[in-house]
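S.K.: Given chain A, put chains B and C in place with the hints provided.
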Amino acid sequence: MSFILTAVLVLGSIGLVLGLVLYAVSRRFKVEEDPRVGQILELLPAANCGGCGFPGCAAFAEACVKQDSMDGLKCSACKREVMQKVAAIAGHEIELGTEQVAVVRCSGSCANRASLRRYDGAQSCAIANMMNGGETDCFYGCLGCGDCVSVCTFDAIKMDPETGLPVVDQEKCTACGKCAKACPRNVIELRNRNKMDRRVYVSCVNKDKGPVAKKACDVSCIGCGKCVKACAFEAITLENNLAYIDPEKCRLCRKCVDECPQHSILAVNFPPKREEAAVEEPAVEAQAPVNSVEQQSAE
Amino acid sequence: MKTFKIGGVHPEPNKLTADRKIETLALPQQAVFPLSQHIGAPAVPCVQKGDVVRVGTRIAEPGGFMSAAIHSSVSGKVAKIDTVVDASGLRKPAIFIDVEGDEWEPEIDRSDKLVLQTHKTREEILECIKNAGIVGMGGACFPTHVKLCPPKECTIDTLIINAVECEPFLTADHRLILECPDQIIIGIKIILKALGVDRAVIGIEANKPDAIELMRSKTAMVSGIEVVPLMMKYPQGGEKQLIEAVTGRQVPPPPALPANVGCVVQNVGTVYAIYEAVMKNKPLIERVVTVTGKSVKNPCNLKVRMGTPVSQLIEYAGGMPEDTGKLVSGGPMMGRPLLDETAPVVKGTSGVLMIPENEAARHEERNCIRCTKCVQACPMGLEPYLLASASKAGDWECAEENWIMNCIECGCCQSTCPSRRPLLDWVRLAKNRVGGIIRARNAKN
Amino acid sequence: MAQKLIISTSPHIHCGDTIERNMKWVIWALMPALMASIYVFGVGALIVTATSVLSCIFFEWFITRFILKRPSTIGDLSAVITGLLLAFNLPSNLPLYMIVVGALVAIGIGKMAFGGLGNNPFNPALVGRVFLLISFPAKMTSWPVPAGLTASYIDAQTGATPLNLIGQIAGGNTAAADQLPGLGDLFMGNTGGCIGEVSALMLLIGLVVLLCSKVITWHIPVSILATVTVLTGTMWLINPVLYVNPLYHLLSGGLMLGAIFMATDYVTSPMTFKGMIWYGIGIGFLTVVIRCFGSYPEGMSFAILIMNAVTPLINNWCKPKRFGESQK
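In the order they appear, the protein sequences are chains A, B and C. Here the first sequence is numbered in numbering that gives the first Met the number 0, starting from 0 and rising by one per residue. Here the second sequence is numbered in numbering that gives the first Met the number 0, starting from 0 and rising by one per residue. Here the third sequence is numbered in numbering that gives the first Met the number 0, starting from 0 and rising by one per residue.
It is possible that part of the hints are untrue.
[To be verified] Each pair of labels, with its calculated beta carbon distance range:
id : chain 1 : residue 1 : chain 2 : residue 2 : range
1  : B       : K4        : A       : K208      : 47 to 57 Å
2  : C       : A225      : A       : V20       : 36 to 46 Å
3  : B       : R215      : C       : C14       : 30 to 40 Å
4  : B       : G63       : A       : D70       : 40 to 50 Å
5  : B       : E396      : A       : S149      : 44 to 54 Å
6  : A       : S149      : B       : M404      : 18 to 28 Å
7  : A       : P210      : B       : E126      : 42 to 52 Å
8  : B       : E122      : A       : G224      : 51 to 61 Å
9  : C       : C14       : B       : A439      : 44 to 54 Å
10 : A       : K208      : B       : K443      : 30 to 40 Å
11 : A       : P34       : B       : K443      : 33 to 43 Å
12 : C       : S294      : A       : L17       : 31 to 41 Å
In short, the hints are calculated from the structure, not lab data. Every residue, glycine too, gets a C-beta built ideally from N, C-alpha and C.
Chain A on its own, in the form it takes in the complex (with noise of 0.2 Å):
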């Protein structure tokens, strides 16, 4: 019995004093932390995935709450009622801009980009890019290694096994802007979602003559200007043989669409002309034959 009594008198007094020590440790050694920090860091996705610039989302939250304004800081990743809350926590002003996504610039596909040449060499855009100008004879599209894909943290990028092109899932993607980044080529950019999601923009980024732009790929811009033309917003430019249209200018008519020769410019997100109601279209947006890829990831 006398035992049982030393054991927990001795094991009990050797935890007492411990955790004396250990307490005393703590409030000696306290970090003062402001609570705010640990407020935002419970409303943030927790991802980590650097769109923001921070080195992870517990820096993010640092700044936010050190710094004087919300300049500078956004995290794409939060839907924008969380950025008020986050702002708020804070005591900042908070101005949202427009939510964007990520948009892969090229309809190159195995169809409508002859693949010359076959490139084995190590599986990285990065590396590819550096070597030479690819399979294709367009020098500026997609190389398809995947360096977006393998660089996403919300899964919202994937490889298309048959047109050898990348494809965003809108739902998930954030517009944290590391696939942009990742891209060696700036094929894929980031642009406003506007209404629905509705967006018109160039689907090419070759910057190469027009003959060369046409023979490299039948789907390519070759800088004729009609869309330029044709745009009653001037939301469209021209330069270096390739057309651009200004995510903050264009108003969504899709006149450019309709003039361009090469089905170079997709509409995603639109529902059918009222003409061609009538007929049975496979839920495929314009006049676009092969450069359905975002329009299937948008059904």
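M.R.: Below, chains B and C without anything else, positioned relative to chain A:
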């Protein structure tokens, strides 16, 4: 026999054309001159569409201090200034000349007479080399007039002539030594004068005993030039490895240069071009190219005018074999893959190699089994498996700490890896990124 | 032309080496020792080896296909080698079920749990062997005496091995010295012990095979054997009564097998020559310490496993001599 101490591999030599005399290839119908055939700034065209040119007419000026002039190798009319896909695999600006006849600039001495002496001063020699647009013809294409003007703080005591040709298949340098030894000796003397040095060493790999014999007999009576046979090992022809084998000195890592250990290395083809430039007023307009491959019907060594499309060389050699998997400009270890036959011959094209599909196609990549063969093979004492892993993970700091900038991209590591890992692909990526980081860091300071 | 041109960058050729080529040479190098052990221990050696190899192959196939759901990796032959090496570390009368358990631990825990070939920090065969040693100490520490080709498998007669005797001598029992087999017997393999470790001659032939086929370099085996020679030699010179001649140490127990085949395992050994030498010195040192001052007669397995754990540290500290380093 002398050799470099660290690493190295022994690929099959496959010198199929070692006994083929150099043949002169016919003129092309259109010659294409990429403006960037050398290390440094691209040249700037000084002709335009419609201009009539002769052989030797300057068509592009150097684009800066580290640059080189380009001369037409044909006579005719400038067709256009457009782009061409060259050995870099990218579209590069180039001057296209439609060939008409074969008229040469009058000051060029076209005779075969051996010119033994020159009265040119050191500065005049360098000026002559610069005006001739000579760049390193071993493949690296470093502007020669810059190389022969080392930084003032470096004292040069040895000129090393690189006649090693360690790459399998290539025999251009070998044939040049056998067929034009006297011109090469004179060229060496010219360079010695330009450098103000009195010692030259010709390094030749032991698999060329006829060249060693010939050079030894030619230099027997010449003081200051010696021939050093070197053990057959790749990459013996690498500048740093050659310097170590011949002098025992190791060039420190970049930004150090061979000049820092008192040596200047010149390829034997460059030496020949220097002879022609200084003694014959002939700019760099043609070179010897080995056209070869295991399945090639008629492998040969051709004297080719710069700008000739590679398709013409392939046609002369019997056409591209059916089983060709890769078309390579240069040798199989460090050559550049050509995207198609339209690429032109440029100053650095030492060979056109057609590799059969079953040899060239890469096997599937597997896990690293840590066999250390890449570490044993690396001639620069690096750990390729580690550098490749760091590169894959984006750990540029680790790559820099492990001396990645010392890599000479010789390919020894990837060619020995039993797991068929694309080590050099990843290392190249890391070198590119780390190089950028270092440049940014230096710019800030 | 028939196919498209390939545009990946240099090097465009390969020396032709593959993982399988290296594994095949290791298997060939192990064959002389296997032949010798069948000659010495009889059919038991063959049964244990076959069971071990087949179990290892089966477990790797099962785990990769059904648990990891990937293509099977048994084609790279590393499971065969793990099976052979595990068997070589077992007595020839070990019951079948123990061998199968050992194979499961070796492949499942020693290799596949870490991600398969190339990812394991410890030598899988040794992981299996040590697991068996701790789980079935009695069966794992009773070795059959040499009884020739006709010896029985399960009912083999057991006896003291040379290492047992060396241990007794060190403990003060000088009478054991008379029972020690001659150096000739130890060299040829006419002695008790685990299957693969008895014939030093056959193992050395295996070493020559590995060196000539460029599968391994001399650094690890030589540094281990040299360290053991130096340490046991010093001890023998100090006290020849208690500590036997270093040759007895070299030719007894699993030293040869470990130095040539187990310590040189690619995945778990250092990546530079400098590192390999230190690794070998460490193994030699630990083996001698455990053999002479520890309670186990054989220290090789533990020594190798401990140095396997140190290998990443060795890789960090021992960098190769870089070109231009001395002139920097």
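S.K.: So, for every hint listed, does it hold in this structure?
M.R.: Here's how the hints hold up against the structure:
1. B:K4 / A:K208: 47 to 57 Å: Roughly 53 Å apart at Cβ, these two residues keep to the hinted range, so it holds.
2. C:A225 / A:V20: 36 to 46 Å: Because 51 Å falls outside the window, the suggested range is violated.
3. B:R215 / C:C14: 30 to 40 Å: holds, 33 Å
4. B:G63 / A:D70: 40 to 50 Å: holds, 42 Å
5. B:E396 / A:S149: 44 to 54 Å: violated, 21 Å
6. A:S149 / B:M404: 18 to 28 Å: holds, 26 Å
7. A:P210 / B:E126: 42 to 52 Å: holds, 43 Å
8. B:E122 / A:G224: 51 to 61 Å: At 54 Å between Cβs, range holds.
9. C:C14 / B:A439: 44 to 54 Å: 38 Å Cβ-Cβ, so the 44 to 54 Å window is violated.
10. A:K208 / B:K443: 30 to 40 Å: holds, 39 Å
11. A:P34 / B:K443: 33 to 43 Å: holds, 39 Å
12. C:S294 / A:L17: 31 to 41 Å: Given range 31 to 41 Å: holds, Cβ gap about 35 Å.
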